[in-house]
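**Student:** Below are the chains, spelled out letter by letter.
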Amino acid sequence: MTAATHDSVRLRALIATAKRWDVIFVLGIIALGIGLLTFAALFLDMLIDGWSRLRPEFFTQFPSRRAGQAGILSAWVGTTLVMLVTATVAVPLGVAAGIYLEEYARKNWLTDIIEINITNLAGVPSIVYGLLALGLFVYGFGLGQSILTAGLTLALLILPVVIVATREAIRSIPANVREGSYAVGATRWQTVKDHIVPYSMPGILTGVIIGMSRAIGETAPIITIGALTFIAFLPPSPVTAEFPFLSFEWLQAPFTVMPIQMFNWTSRPDEAFHANAAAAGTILVAMTLLMNGLAIWLRFRLRKNIKW
Amino acid sequence: MRAFPGTLPTVISERLSKKFSRNLKERAIEAGLFFAAFVSVLTTAGIVYVLLKESVLFFTHVPIWDFLTDTQWTPLFDDAHFGIMVLLSGTITSSFVALAVAIPLGTTIAIYLSEFASPRAREIAKPVLELLSGVPTIVYGYFALLFVTPILQILIPSLPGFNLLAAGMVMGIMIVPYVASISEDAMRAVPMALREGSFAMGATRLQTAVRVVVPAAVSGIAAAYILGISRAIGETMILAVAAGMQPNLTFNPLEPAATITAYIVQVALGDLPHGSIGYQTIFAAGLTLMLMTLAFNLIGFYMRKRFREAY
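Sequence order for the protein chains is A and B. Each number in my numbering comes from the position in the first sequence (counting from 1) with 968 added on. Each number in my numbering comes from the position in the second sequence (counting from 1) with 20 added on.
Do not rely on the hints blindly, as some may be mistaken.
[To be verified] The calculated lysine-lysine pairs, modelled on DSS-like cross-linking and capped at a C-alpha distance of 30 Å, are: (1) B:K325 / A:K1075; (2) B:K146 / B:K325; (3) B:K325 / A:K987.
Hints are computed from structural coordinates only; laboratory data are not their basis.
Same shape as in the complex, but just chain B:
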C-alpha cells in the first residue's frame, strides 16, 4: 500500500474541518460542568467568609481570651459576658450522653449485621435503619420533650421538664443508624480469610467477631464514632426543643442547658438587628461549632481512608 502524505480523502478532511466548532462546543460544555462542580468550593469559601467576617467584628469588641475563659454567657444583658465555655458545656454533655447510647447500640448492631445476620435479615435491617435516619430531627425533638422526658421523670422525680439527658438519649438513637452503617461497612471490608483462619482454630462467631474482625476494622469503627460525635455536636432541633435554651455551665445531664446550636436558634427566633453585637455572637458561636466539627470530620475521613487502603 502506498502512502500519500498531505492528500487525505475529501470525506475525512471535511470531517476534520468541523473539528474546530465541535471542539468549541465541547469546551463550553466542559466549562459549564466545571462551574457546577466549583460551586462546592464557592460554598465553602462563602461559609468561611461569612463566619470570619462577623467573628472578626465580634472579637474587636470581645477579647478572645474572655471568649474562651469567661464562665458566664449573657450576651443580651446589660452586664454582657461572652464565655463560650457555658454553651460548650451543654454541647459536650449532650454529645456525651448521645454517644453513651449510640456507640454500644450501633456497634452491636453492626457486629450482628456483618457477622451473624443472614443475607435476608441484612437486606431487611439495612433499609429500616436508613429509614430511621431519614426522620426529621424536629420529630425526634418532639419525642424527647413529650415522651422520653415524662418517662424519665417517673424514674427520676426531680428531673426538670427541659434536660440534657432526654435530649442526649434521643440524639443517640438518632445517630445509631449512622454509626452502625459505617462500622458495618468497615467490618465487611475485612477479608474472609481472617475469619476462616479464626474458625479453623475453633473460635466461635462471637469470638471471631470480637477478637479478629473488630480489631481488624478498628480504624473504620473509630471513624464511625468520630463522625457520630461530629453529628451530635452539630445537632440542633432536638436540643433546642428538649434541652431548654437557658445558658448553664454544667456537666450534669440532669440539668437544662443551652448548646451552641440551641443558642443560635434562640437568637434567630428573636429579632436582633443586623450588625449588633448579639447578631455577631451567633457567627462567633457558629465558627466555634464549625471548627469543632471540621476537626472531627477530618480525623474521621482520614481514618476511613486508612481502613479502605488496608487490604
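Next up, chain A with everything else stripped away, as it sits in the complex:
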C-alpha cells in the first residue's frame, strides 16, 4: 500500500518534470515566431528603402541609366501582357484536364501515366521549363524571345497547380449531385457543364489565383528564354484605331517583366539602383500577397458557405 503510494508520488514528480519541457518548447515556439516576425520586418524595411521611389513617375518611366529616372513602365506592361497569355492558355487547359481526370478518366494505364506526369511536373524546377521553352518554343517553333513564348512557358509551369485545384474542388462535390443529374436524363457533359463546373468554381478560382501569383514572381524561366533586361519601348498596342481594332502583333514583341527588372537592379553594384529594386520588390510582394490573400479568403468563405 505505502509502496504503491510512493510509486505514484514518484510518477507524479516525473510527469511534473516532463511538463516543464512542454513549457520550454512553447517558449521556444514563441521565440521562433518572433524570428519569423523579424523576417516580416524585412518586408517593411524593403518598403522603407523603396518608398522614395514609389511615386507615380515610377510607373510611367522606362528603365534608365540614371537610377533616379528609372521606372517600371515596360516591366509592368510586359508582366500584364505575359499574364494575359498565361491565363488564356493555362485556365482552360488546366480546368479541362482536371474535369477529364475526375469525371471521365477510366482506371487504366494511360490515366496512371497522366497522373504521374502531373505530380512529377509539379516538382520540376522552374528553370527546366525555361530550358524547354528555349529549345522548343524559341528555336524549335521559331516563336523567338517574345511575349507569346514567355506566356506559354509560364502557362505550362502553373498547369499542375490549376489541375490539382480543379480536381480537389470537383472531388468535394458529393456523388448524389451527379446521380440526381443522371437520373433526370442528363448526359455526362450536361452534368459537368450545368452542375460540376458551377459548383466547383470557387475552388477552381482559388487555384487559378495561386497559380497566377506564382507566375507573376517567376524569374528564372523567363531569363532562360533570353528575355532582355533593358527595354525602353512598349510592345505594339493590342487595341488599334482601324478595323478590326484588335492587333496581335504584341505577342511577338520583345519584353521585360517585373521580376527581371528587379533582378537587374539588384545585381547592379551602384547602390542608387537598390532603392529601385526595393520599390519593384515591394510592388511584387504586395501583388503576390494580395493574390494569395484573396485565394485564402475565397477558400475560407467557401468552407463556411457550402454545406452539402
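Assemble the complex: chain A is given as a structure, and chain B must be docked to it using the hints.
**Tutor:** The following block gives chain B in isolation, referenced to the frame of chain A:
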C-alpha cells in the same frame, strides 16, 4: 402486365434515335478534355526531348567521364573544361545550408501546429505560412544579398559580398513553409488513439509528440525533407543574386560559388549563339539538375504515399 418485345412506345424510340448524335457530341467533348490532360505528358516528353537532344550533342564533344570527374568548369574559355562537379559542389553546399535551417525550423513548427496549437492559432498560422511561400524568390534573393550578407559580415568580417551561407540561409527560410506544411499533414494523419494511449500512460504533450507521433509519421516527415531538398536544388534566383556566378569547387559556405541553376542564368543573360558548345552546356547542366530533382521527387512521393496508406 404483358410485354411487347420490339414495340416500344414511339416517344422512347424517338429518344433512342437521338442517341447517336448525342453520343457523337459526348465523344468529341471527351476527346477534347482528354487532349487537355494529355498536354502534361507532352510537356514531360518535350522536356526530355529538348534536354536529351542538346545533351547528346554536348557529349559528342565532351566525354561523359570528363564531365563527371574534371575539377574545372571553364566552358567559355579557350582552355575549356567541363567538370560538372564544380557546379554541383555549389548546389550541394547551398542546399546543405538551406536544410540545416529548414529542417529544425520546419519540424518544430509542424510539431507545434499539429500537437500544441489551438485550432484558432492553427487557422492563423497556416495561411501566414502559405503567404510566406508565395513571395517571389527574386525578393528573397534581394534579402540575401542586401540584408543577410551585411549582417553576417558583422559577425564574420572576412565574409565576401557573394557567399553561399547567406543565400543558403535565406533559401532555408523560403522552404520552411513547405517542410512544415507537409510534415504537419503527416502528423495529423496519425490516429488519435495513439496519442490517447500515450497520454493515458502519463506522457506529456511533448513526450507524446516526439516519441509517438513523430515516429508514427516518420515516412511523411522524411518525404517533406526530401521534397525540401529537391526544392533547394532547383532554386535559382536566390543563388544567382546572392551567391555569385563564379564557378568554384568548394564545400565551404563562406565562399562564393556558382550552382547549376546560377550557371544557366549566367549563360542565358549573355549572348551565346544557338548551337554553340556553350549553348549546349546549359542543357547538359539542366539534364543533371532534372535527374537529381526527379530522383528526390520520386523517393519523396513514394514515401508520402506510404504514410497515407499506413492507417
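**Student:** Work down the list of hints and note, for each, if the structure agrees.
**Tutor:** Now for the hints, and whether the structure bears them out:
Straight-line distance between C-alpha atoms of B:K325 and A:K1075 comes to about 18 Å, which keeps the hinted pair within the 30 Å bound. A threshold of 30 Å between alpha carbons decides the hint, and for B:K146 with B:K325 the separation of about 23 Å falls inside it, so the pair holds. For a cut-off of 30 Å, the pair hint linking B:K325 to A:K987 is broken: about 34 Å separates their Cα positions.
In summary, the structure is inconsistent with hint 3 from the numbered list given earlier, while agreeing with all the others.
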